[in-house]
Amino acid sequence: MAKTYRVGAGTKFINGVFGVMTRLGRGKSYRHILTVRGRKTGEPRSTPVDVMRNGDQRWLVAAYGVSNWVRNARVAGEVQLARGRYRETLRVVEVAPEESVPVLRQYLREVPITRAYFDVTLESTDEQFVAEASRHPVFRLISD
Numbered sequence: 001m002a003k004t005y006r007v008g009a010g011t012k013f014i015n016g017v018f019g020v021m022t023r024l025g026r027g028k029s030y031r032h033i034l035t036v037r038g039r040k041t042g043e044p045r046s047t048p049v050d051v052m053r054n055g056d057q058r059w060l061v062a063a064y065g066v067s068n069w070v071r072n073a074r075v076a077g078e079v080q081l082a083r084g085r086y087r088e089t090l091r092v093v094e095v096a097p098e099e100s101v102p103v104l105r106q107y108l109r110e111v112p113i114t115r116a117y118f119d120v121t122l123e124s125t126d127e128q129f130v131a132e133a134s135r136h137p138v139f140r141l142i143s144d
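Quick note on my numbering: the sequence shown kicks off at 1 and runs consecutively.
Just so you know, the hints here were simulated from the structure itself, not pulled from any lab data. Every residue, glycine too, gets a C-beta built ideally from N, C-alpha and C. Heads up, some of the hints might be wrong.
Quick list of simulated restraints, FRET-style, between CB atoms [to be verified]:
(1) Glu-127 / Leu-24: 38 to 44 Å
(2) Glu-123 / Thr-89: 34 to 40 Å
(3) Gly-55 / Val-20: 26 to 32 Å
Between the sequences and the hints, there should be enough to build the whole structure, so can you do that?
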């Protein structure tokens, strides 16, 4: 059974550390700060995220489930990614569960710290990953 993501004092502290490191351009190269307009307030909301890359394609994976950034991105249709001095505004398109399988596999390989939040493993079948996709939406990032 996968763990449920809870935002407590420890999580806020760790996100703060990762946020500072990422804003300085330090740490894993896939880590970025995602900023998206809040669906209710319209105010910008930011959180650290991991961007998967395969060739010229990039994806966001909701490793901790359907969180506020996921809901906000669905409504806004675009996000801003930042890392160090780099800033980019991108459109987001949620992909079908079948299309998300290779991205989710890559995510589990490259970001092992989040594996406890998934009910699949690297050895799971594609069908099991498809079933898991509803809990971990994947978004294609599209630059204009």
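These are the hints, each one checked on the structure:
About 42 Å separates the C-beta atoms of Glu-127 and Leu-24, a value consistent with the hinted range of 38 to 44 Å. Distance hint check: the CB atoms of Glu-123 and Thr-89 are about 38 Å apart, consistent with the given range 34 to 40 Å. For the pair Gly-55 and Val-20, the beta carbons lie near 30 Å from each other, so the given range of 26 to 32 Å is met.
Checked against the numbered hints listed earlier, the structure breaks none of them; every hint is satisfied.
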